[in-house]
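Trainee: Read off the chains here:
Number of protein chains: 2
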Amino acid sequence: MPPKITTELLRQLRQAMKNSKYITEPIQAYIVPSGDAHQSEYIAPCDCRREFISGFTGSAGTAIITEKHAAIWTDGRYFLQAAQQMDKNWTLMKMGLKETPTQEDWLLSVLPEGSKVGVDPWIIPADQWKHMSKALTSAGHSLVPVQENLIDPFWTDRSARPSSPLIVLGLNYTGMTWQDKITSLRTKMADRKITWFVITALDEIAWLFNLRGADIEYNPVFFAYAIIGRSSIRLFINGDRMADPAVKEHLQLNSSSKPEFEVQVLPYESILTELQGVCGGLGPKEKVWISDKASFALTETIPKIHRSLTPSTPICLAKAVKNATEIEGMRRAHIKDAVALCELFAWLDKEVPKGTVTEISSADKAEEFRRQQKDFVDLSFPTISAVGPNGAIIHYRPLPETNRTLSLNELYLIDSGAQFKDGTTDVTRTVHFGTPTAYEKECFTYVLKGHIAVSAAVFPNGTKGHLLDSFARSALWESGLDYLHGTGHGVGCFLNVHEGPCGISYKTFADEPLEAGMIVSDEPGFYEDRSFGIRIENVVLVVPAKPKYNYRNRGSLTFEPLTLVPIQVKMMNTDMLTQKERDWVDEYHKQCREVVGAELERQGRHAALQWLIRETQPIA
Amino acid sequence: MPPKITTELLRQLRQAMKNSKYITEPIQAYIVPSGDAHQSEYIAPCDCRREFISGFTGSAGTAIITEKHAAIWTDGRYFLQAAQQMDKNWTLMKMGLKETPTQEDWLLSVLPEGSKVGVDPWIIPADQWKHMSKALTSAGHSLVPVQENLIDPFWTDRSARPSSPLIVLGLNYTGMTWQDKITSLRTKMADRKITWFVITALDEIAWLFNLRGADIEYNPVFFAYAIIGRSSIRLFINGDRMADPAVKEHLQLNSSSKPEFEVQVLPYESILTELQGVCGGLGPKEKVWISDKASFALTETIPKIHRSLTPSTPICLAKAVKNATEIEGMRRAHIKDAVALCELFAWLDKEVPKGTVTEISSADKAEEFRRQQKDFVDLSFPTISAVGPNGAIIHYRPLPETNRTLSLNELYLIDSGAQFKDGTTDVTRTVHFGTPTAYEKECFTYVLKGHIAVSAAVFPNGTKGHLLDSFARSALWESGLDYLHGTGHGVGCFLNVHEGPCGISYKTFADEPLEAGMIVSDEPGFYEDRSFGIRIENVVLVVPAKPKYNYRNRGSLTFEPLTLVPIQVKMMNTDMLTQKERDWVDEYHKQCREVVGAELERQGRHAALQWLIRETQPIA
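Taken in order, these protein sequences are the chains called Z and U. Take 89 as the starting number for the first sequence in this note's numbering and just add one per residue. Take 89 as the starting number for the second sequence in this note's numbering and just add one per residue.
Don't take each hint at face value.
Pairs involving identical chains hold if they fit within one copy or between any two copies, as the list cannot separate such chains.
As the list claims (entries may be wrong) - Simulated pairs of lysine-lysine, PhoX-like, Cα-Cα distance not exceeding 25 Å:
1. K186 x K678
2. K182 x K595
3. K529 x K668
4. K392 x K204
5. K109 x K156
6. K462 x K281
7. K634 x K529
8. K269 x K92
9. K529 x K595
10. K373 x K276
11. K204 x K453
12. K634 x K668
13. K375 x K218
14. K509 x K462
15. K222 x K392
16. K336 x K176
These aren't lab readings, by the way, just hints derived from the structure by calculation.
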C-alpha cells in the first residue's frame, strides 16, 4: 500500500489553526493524540483522528503539527509500519532511541517565542496535559484547550459514533446485581469522604451496570459516562438504547425502585454541563473522585480543591477481583476455548502437510471453531497467526501481502482469544509441524521454564505483579537472551482482554498488589528477528497457596491456569527441564486431558479428542 | 533507661512558636524532621534535634508539635524503642499500620482553620516540602519556612558542628584527580546546557575533591557545600581545615593553577548568599542543577525557571561506578576485613564454650582485629552483634542492658564493617557454636539459596537492581517465609556504607540501572521474632558476564563477591541445595581459602589460617 497523501489535509488543519471560528488566537502547534475520550486502548473508527490526518494506523502514536512541520512519535513495534504508511510531509520520531527528542523538547526547539500549542481537551488525559503544560510554560509558551476538534470539520467521511444494542447480563453471569455494586461503591465513597464519583472508562461503566455493548471492535463496551452520588445515579448514554425493554427492566427505569437506585438517563454529550452543575453545588469539604487518567476537559471542570484523583478507581479494583460466579464463567469460557483450539490443532496436523493452510485461513478456522461454542460473542482481539519470521513481529496481524503458508519447516505462533458471554480468553501456542531445530527447541525450553517459574511461583499476599516479572526471564537471561515486552496483563470477564490495575511487567511500579480472584496472563516469549517467534501464554487465576509456614499470618498466593491447551512436547528439550518442571508439564497436561477431554467427549469431537490424548502423554 | 522528660522542652518550643523574635505570625504546628541540611543518613550530634526534643534516638522519625499535641512518626524497626524512650507528652504514630494517619492527614484533623505550619527550610528536603505544602494548602492551611531553627535557642548544651581534620587521598586510592573529575562533570553540564551545579550531599563533595573527613561517626565526610560553574569552583567549608598544608597543596590553593581549577574557599554559612548572587546573574536560558532531595532553602533560592532538579546527580552516578583503582582498593580492603573476621571466628570457636564472650565483647574483639589491619580508619557502622532473639531485631545494637552471652545453644549474627583508606566493608555472618536445630538449618538454607540466586544471577546490561530482589526471596516464599527489608544497597569506596543510586530492593523503582563497576550488598535474611535472626551478607561487584548468546548486543552482567569470609557449612541442610548451589558454595570457599589464606599466611596468623582451612572444606 502506498503512503497516504496528506498535503491537502495538513493545509486544511493549518488553516483551522488560524481560524477564529475555532480559536480566539492562532495556535502555532496542534497535538493529535491517538486515544478517545475514555482512555480506551482500542478505539472506534470515528475516534481515529491521528490515523486520518497521518495515514499511520498503529495503535499507539501522537501527531504534532506546527506551521512548518508534522511529526509522529511512536514506539519500536511500529517504526517500519509508520515509515511505510506516511508520506513526506511527516517526520517519524522513533521513541526509545537516544537521538529522538521528546515531544516537549522538539516543540521547544521549533516553536517561535511565546507560542500557543492547542489540543483537544477531551482526548488528552489530565496527567499528560499537566506534564506537557509544565514543559511549555517553563519555556514561555502555553498549552491551550481547543474545544472543537480541529480535524473533524474537514473529515468529511467520518463515521458516526457507534451505538450498538446493549446486552443485559443476569446474575448467573455477574454474580452481583448492579445495585449491590453501587452500594459497595458508595461504602468506599463514604470511607473516603467522597460525595461524587465520575466514571469515564468504558469497561468500568459496563461492569458496574452489568451491561455490555459492541461499540468498539473486540471490546464489549458502549460509549457512556456515569456520575454516581451518595443517593443518585446519572448515566450519560446516546441513542435509543434505553428504549430496549430488557434494558429498561434491568435498570428499573419505569418501576418505582428505591430512590437511591433510580437511574437518571441523560444524553452522552451532556456530561460536561451536568458535571459543572454538580460542581457548582458542592459544599466546602465535598470531594469528587475521578481517575487521574480522565480527560483534561472533565478533570479541569472539578475545582482543584474538590478534586480527588486516583490512579486505580474503586471500580477498577473491584472489577479486577473476580467473584465466584465470574470465576466459574471464566473457567467455562476457557474450556470452550480449549475445545476450539484442540479442533484447530487436530485440523492443522492433518492439513498443514498438504501445503494449503495460510496464516489467514488458519486464523479463520480458529474463529470458525470458536463460533461453534455456546455464548460466543466475538474475538477478544485480532488473531496473531504468524509463520516463521512473521512470528518475530510481536504485534503481527496477517495481511494478504504478508500471508505465509504453514509448513513442516517453520515455527507457527498463534495468539488468539474470544469473548464469550461467560468470559474472555487469550492464549498463545507455538508449534512445529515437522522437526524443530535444536536451537528452536532450546529457546522454546527457556521460554517454557520462564512460563512455569511464574505459573508455579508462591509469593506472599500483597505482592505486586512486577516483582514476579524476572522469574519469567531468569532462564533466558542466563543464556544471554530476553524479550522486550511485559510478562502479563489483567484480563476482564467478558470485558477488555487487557485491563488494569494488576499485571506482571518490569515496566510498571504502580500496579496494585495481586490478590486471590485476580486474573492475569503469563506470556513470556523469545523473538529471533527475521527468523521465528516463540510465546507461551496461559491466562491464570490468582489463588491462595498453602505452603509449609505462614510468616506473620500474611498468607501466600500462587496461580492456577485457566487456559487448558496442551503445550507441544515436541518443542521441548526435556533434558533442560528440572524434575519439578517436568512434573508441572505432566500435571498440566493431565488436567487438560481430563477437563477438556470430558467436554470434547460430550460434544462428540472425536478427532480433536484423539489429538488431545496424543499431545498430553507424560514426557517420559 | 527511663523515658526523657520533655514537658519543659515542649513548653519552651511552644513559646518559640508564638515568639515574634523568630516568626512574623504565630504558627500552630512545628515539624522537626530527623535529618541534617545534607540529607545525610547518619547525622552529627549537633543535628539530632528530633532526638533532643523527644528523647527518641532512632535513625528515622519525624516529630510534629502543635499547641496541644506532640507526635512522632517512625517505622516498624523502632516501635518498641520509641515507646520506651518517650514520655507521656508524646503520641507514637506507627507507620505502616493501616490505622495510623499520615502526617498530613493527622495535621488536617487537629489544626484549627487557616493554620500555619512551620519547618526549618534547611532540614526539609524540597520534595517533602512540596508534598506537605500541597496537602496543607488544599485544606486551607499553609506551610511556612522558619529561618531560625526553633529548638536551637533553648538547646543549651548543643555541641558545636564538628570540624575534623581532612584526609587527602592520592591517585593510588582514587584513580582520578579531582581536576579530572571536575572536567568530566563539566562535560556532562555542557551536554545538558547546565551553567551551575550545586552540590549538597556530603559524600559527593568528599568524592569529587578526593578528600575525606570525620565529621559524622562511621562516615568519612566533612560539612561542606560546593558550587561548580563552567570555569569556577566554590567550596563552602568551615574551620581552619584549609590551613593544613597538605590540603592546600592538594587543592592548589596557593599555586598558580589553571584558572578553571582555582578553588575559591568560602565560609560554610555563606552558601545561601553566594547562591543568591549566582542566581541573580543568570542569563535567560541558564540552568542550575541541584538534587531533588536538597533542602527547600537552597532549592527555593534558584528561580523555578532556572532550576533543573535531578533524582540522581551526575556525581552520584559517577561515584557509583568504581574505577579500576577503586576496585583494587575495595578488593584489598575486603581481604584485610576477611583476615580480621577469620581471627574473630577462630577466637570465638575457642572462647565461646567458656561462656565468657558477650555480644559487646565479641563486637569489641572484631574491632580490635580490624584495627590491626593497614589503613584502618574506623568502623563503617555500629556493629550488630546479636545472640538468639536479639538477632531478630534487624537494627539491633548491643547495649549493657540487652547484652547476651554467646553460647553453644543459640544462633549468633554479626553484621559489621570497616572504613579502610582503600575501601569500605560490610559483611554479615550467622553461625552456631553448638548444634543448630533442623528448623534453624532449614531457614538458613533458604536464605543461602536466596543469597546465591542473586550473587550468581546473569542479567542484561541496563537491568535495574529492583528486578533482582525477588530472586533473593523465591526459596523463602515457596515455604511461606519472607523478610521485611531490602536485599542490597550501594556501597561507597572509603565513603558511606550506604550510597545510591543503585541497590536491590522491592521498595524502589527509581534506582539507576546496574552497570559494571558498581558495588552493592547481597543480604537476604530471615527473622523469627523472639527466637533468632539469620542474615548472609556479601559485598559484590557488578562484572560483565559472558553467556552463550548476546541478544541485541546488549551484553550481560553478573556479580563477583568482594567479601571473602566462609559461610558456615554446619548451618546448611545440604540436601536442600541443588548441584549448582553446592558448586557455588565450594567455589566460593575455594576462593576464600586461596586469597585470604595467602594473606593470613603472610601476616603469620596461623590459628586463623587453620580455622579458614577447616571452614572451607568442600561440602562433599
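Trainee: Please go over all the hints and tell whether each is borne out by the structure.
Mentor: Hint check:
{"no.": "1", "hint": "K186 x K678", "verdict": "neither (49 Å within a copy, 44 Å between copies)"}
{"no.": "2", "hint": "K182 x K595", "verdict": "within (18 Å within a copy, 31 Å between copies)"}
{"no.": "3", "hint": "K529 x K668", "verdict": "both (19 Å within a copy, 23 Å between copies)"}
{"no.": "4", "hint": "K392 x K204", "verdict": "both (24 Å within a copy, 21 Å between copies)"}
{"no.": "5", "hint": "K109 x K156", "verdict": "within (22 Å within a copy, 60 Å between copies)"}
{"no.": "6", "hint": "K462 x K281", "verdict": "neither (44 Å within a copy, 64 Å between copies)"}
{"no.": "7", "hint": "K634 x K529", "verdict": "between (34 Å within a copy, 22 Å between copies)"}
{"no.": "8", "hint": "K269 x K92", "verdict": "neither (47 Å within a copy, 52 Å between copies)"}
{"no.": "9", "hint": "K529 x K595", "verdict": "neither (28 Å within a copy, 37 Å between copies)"}
{"no.": "10", "hint": "K373 x K276", "verdict": "within (17 Å within a copy, 48 Å between copies)"}
{"no.": "11", "hint": "K204 x K453", "verdict": "neither (52 Å within a copy, 70 Å between copies)"}
{"no.": "12", "hint": "K634 x K668", "verdict": "within (18 Å within a copy, 27 Å between copies)"}
{"no.": "13", "hint": "K375 x K218", "verdict": "both (21 Å within a copy, 22 Å between copies)"}
{"no.": "14", "hint": "K509 x K462", "verdict": "within (9 Å within a copy, 75 Å between copies)"}
{"no.": "15", "hint": "K222 x K392", "verdict": "both (17 Å within a copy, 11 Å between copies)"}
{"no.": "16", "hint": "K336 x K176", "verdict": "neither (52 Å within a copy, 62 Å between copies)"}
Hints 1, 6, 8, 9, 11, 16, counting from the list given before, are not met by this structure.
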